[in-house]
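S.K.: Sequence:
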Amino acid sequence: MPQSQAMPVNSPLLEQCFDEAVRHAAPSLGRCIDVAVSSLQQEEKDQRDVAARDRCARAWYTLIKHRQTWGPAFAQRLKGALQNGYNEGNTSSMALLSNSELLALVDDSAVNESIESAKVLQNLLPEVEQALAVLDARMSSLIGLHSVHAEKNPMRPSVYVRVLRDLIAGSESDPEIRTLWMRHLATPLGRELRTLYEQLALTLQKANVQEASYRVRLVADPQATKPPPPPKRDLLDFEFTPGGMAMPSTQSQTAHAETQWLPPMADLARSAPMLDHDVMQQFLEQGGPAFEQRLDASYYRALERERAELAAQAALPVLDEVVLEEERTRFRDLPAVDRPVRHVSIGSQLSGEWGKAASATERTRMLLELKEHAQSVAQAVGLDVVRKLVNQVARDPLLLAPVREAVVALEPALLQQAMTQPRFFGEDNHPARRLVESVAQRSFRYNDEFSEEFDSFFAPVREAFRTLNERASDDPKAFGETLEQLRGHWRSQDEREEQVKNDQLRALRHAEDRQALADRIAWDLSQRPDVENAPGFILDFIYGSWSLVLASAEMGLPATQEDLNAYRKAVSDLLWSIKKDVTLRRPAELFRIVPGLVKTLRRGLEVLGKSPAETQTFFDALLRLHEPVLGLRRAKVRSDSGHSDPIPLDDEAATALLVLEELAPATPEQRVPKAADQPWLGKNEMASAGFEDTIATDYGSLHGAEFDTSTSGALEDESALDAEQLLLSLREGAWVDLYSHGEWLRAQLTWASNRGTLFMFTSRGGRAHSMTKRVCVRLIRNRWLRPVEARPVVQAALDAVLTAGPPPVLEPVSQH
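With my numbering, letter number 750 in the sequence shown gets 847, and the count goes up by one each step, no holes.
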């Protein structure tokens, strides 16, 4: 074809590359943002200029805000750019943005941004240079060029930079902030593109796409029974034309139309699955006669070529254990939540502890052996589906790298299942699928692959997976037995932690129930006629502490019936004792009531868990209320008079009356009880619930650092609101990474109060971390509490391979 002419854009292999790039886009941008945020925060600390520091603070804060929405938007924009840019034959330079683009800009700041984008491109090119050179050569060949034309590579770095720049421009009006973002995103973007380019180059190599210096020619298959229809794919088979499923000539055209959407049988022999989304969806969800066809000769001929290529690859050197260990531990010294994602795929070489399954070549050999024994299309497609799903799970950034490697290592055993049950991965209850999902879900408890806790979890998993590979059984019961063994191990651990957690939750749930009952009791007390004209501090006491005392006694019935009666009577006595127009005329009755009243009040508060120091202010004020009667008593004794008319008060009593006048009746607002913002907890209850010693220190010592208060007022308010919304979006069972006492812990939200004001998280060993909403918000703002996305792993992998577009992106705040 002419040098300038490109292969039609509907090339399935090119579309496959585009799909891979689009799937890669959102999670890779998320990882880039995480690195950029850390880099901006460090630059903020290093800046001496106040304005520059504020600009850095605003840059990383707003970058966090955009993280969740940018991923899908970036993927969608990239998809359009790849398609449109290729169709239009865009020839922008790989290294620089086009001159016409720069000249079309009339705004100086826009020109500066384009220049800055070019600098970004130059900064990331060293990261991708080697991988890009290989991809340029094969991509040029794929689009029909004799020689390498890097500027015509539809996936060149400049495309990514322009898409990212346009996305940023639509999200931020300040050009200085945009420039900061682009500068700090450059290096991590380069690393992400390098990984993508390596994967794409490998895909093209396995599809037999030669480098551009070779002209690829499709040769007709002389053994075809009839002229093939136009090929659905290109550059997949260089000896035989991929003519689809050629039906016998005696079959009707209708029967042929029902199967021509299937991939060529030669494609099913490949070690790198070439299935498209529609075929897999039809296979897993509906099936049909087309999949029950027997494999033809072209399949087995292609299989022989695959085996020959594999034999050649087996002669290539592999990494030794020292190099693998260095790669695995390279970022060990970084905090667990800040380590970059370690790449894992079906092409990865694993640690020698996995035995034969450690070698990517050996795993592929096992796959081809099974394909050799396959007889039906369903078996061949089932094997490909397993490999695609294993690869998808292996690239899931939510899982720790050893867990993803374990799934890759288990591939031989999973492939064996596909020989007898080709669609097993589409069955929710199949033991093999349940095993993979259960291990993945269990692994969400851990955020550090180098911790002892993770190793105690992972060692039995590794041993179980190795045993399954050694058994090479096609009986699904083997997976079910393995899962039960692992669950038995987990169950013993969970029972210990569950008891601890239940004890902690019991205190919190009791406090919440008690507070709810106390709020209702307070409302009932507010309807009593004798609360009229009571001082505000008396009503605060009755509606607050004493309602809790009454609620606690009521919850303890029937054992606390006697105490409950005494506490209820104390309310009547207290309200009577503060009515000066009555008590001044009946002092003897007040003297009789007050000692027992005070004793009952103190006893009830002590049983509740309030210390004398907490309530001393109330009793001091109550004493001042009773002081006039005490003064009257002293005056009466001195006068030695027996008449019943009011006794003139001495100066001391008169002074006490003045104090009494200052204690004015409650305001209308005070007369209406208000529901407590959060349950009240006593000191012992707080200790049981995991509040530790954090109350006195405002939670600072819990985290071993000071809270950051350097942000401006407006930014701080906005940040607090966003953090509060994020906190309230969490549901029980949600996972978070929590920085506590100098280490990052993976914790689970196990309880939240009905009003969303108290939260309890539980980390390893059942250790509780309970906090108020205010403290949680501050931790989120300082990134010491980071929600972690968790979801069904196998179903997410299925969604990814069964949809033509990028799967729904569930961004993790913490990366592993």
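Calculated directly from the structure, the hints in this document are not laboratory data. Hints are supplied without guarantee of correctness; some may be wrong.
[To be verified] Straight-line alpha carbon distances no greater than 30 Å define the calculated DSSO-like cross-link-like pairs of lysine-lysine that follow: (1) Lys303 with Lys162; (2) Lys598 with Lys707; (3) Lys666 with Lys598; (4) Lys453 with Lys574; (5) Lys666 with Lys676; (6) Lys303 with Lys216; (7) Lys676 with Lys696; (8) Lys142 with Lys870; (9) Lys780 with Lys707; (10) Lys176 with Lys303; (11) Lys707 with Lys453; (12) Lys707 with Lys666; (13) Lys696 with Lys780; (14) Lys771 with Lys696; (15) Lys780 with Lys598; (16) Lys666 with Lys780; (17) Lys162 with Lys142; (18) Lys676 with Lys771; (19) Lys666 with Lys696; (20) Lys707 with Lys771; (21) Lys666 with Lys677; (22) Lys162 with Lys216; (23) Lys176 with Lys216; (24) Lys176 with Lys162; (25) Lys696 with Lys707; (26) Lys870 with Lys162; (27) Lys676 with Lys707; (28) Lys870 with Lys780; (29) Lys771 with Lys677; (30) Lys598 with Lys162.
[Claimed, not checked] Each pair of labels, with its calculated beta carbon distance range: (31) Lys771 with Glu560: 56 to 62 Å; (32) Val147 with Gln713: 43 to 49 Å; (33) Gly449 with Arg427: 15 to 21 Å; (34) Gly384 with Gln227: 28 to 34 Å.
We treat Cβ as the ideally placed atom computed from N, Cα and C, and that holds for glycine.
S.K.: Taking the hints in turn, state whether each one holds.
M.R.: Here's how the hints hold up against the structure:
| no. | hint | in the structure |
| --- | --- | --- |
| 1 | Lys303 with Lys162 | violated, 40 Å |
| 2 | Lys598 with Lys707 | holds, 25 Å |
| 3 | Lys666 with Lys598 | violated, 38 Å |
| 4 | Lys453 with Lys574 | holds, 23 Å |
| 5 | Lys666 with Lys676 | holds, 16 Å |
| 6 | Lys303 with Lys216 | violated, 34 Å |
| 7 | Lys676 with Lys696 | holds, 20 Å |
| 8 | Lys142 with Lys870 | holds, 28 Å |
| 9 | Lys780 with Lys707 | holds, 8 Å |
| 10 | Lys176 with Lys303 | holds, 24 Å |
| 11 | Lys707 with Lys453 | violated, 65 Å |
| 12 | Lys707 with Lys666 | holds, 20 Å |
| 13 | Lys696 with Lys780 | holds, 22 Å |
| 14 | Lys771 with Lys696 | holds, 27 Å |
| 15 | Lys780 with Lys598 | holds, 18 Å |
| 16 | Lys666 with Lys780 | holds, 27 Å |
| 17 | Lys162 with Lys142 | holds, 20 Å |
| 18 | Lys676 with Lys771 | holds, 24 Å |
| 19 | Lys666 with Lys696 | holds, 13 Å |
| 20 | Lys707 with Lys771 | holds, 20 Å |
| 21 | Lys666 with Lys677 | holds, 19 Å |
| 22 | Lys162 with Lys216 | holds, 26 Å |
| 23 | Lys176 with Lys216 | holds, 24 Å |
| 24 | Lys176 with Lys162 | holds, 23 Å |
| 25 | Lys696 with Lys707 | holds, 14 Å |
| 26 | Lys870 with Lys162 | holds, 20 Å |
| 27 | Lys676 with Lys707 | holds, 27 Å |
| 28 | Lys870 with Lys780 | holds, 19 Å |
| 29 | Lys771 with Lys677 | holds, 27 Å |
| 30 | Lys598 with Lys162 | violated, 34 Å |
| 31 | Lys771 with Glu560: 56 to 62 Å | holds, 58 Å |
| 32 | Val147 with Gln713: 43 to 49 Å | holds, 47 Å |
| 33 | Gly449 with Arg427: 15 to 21 Å | holds, 18 Å |
| 34 | Gly384 with Gln227: 28 to 34 Å | violated, 44 Å |
Comparing the model with each earlier hint shows violations of hints 1, 3, 6, 11, 30, 34; every other hint is respected.
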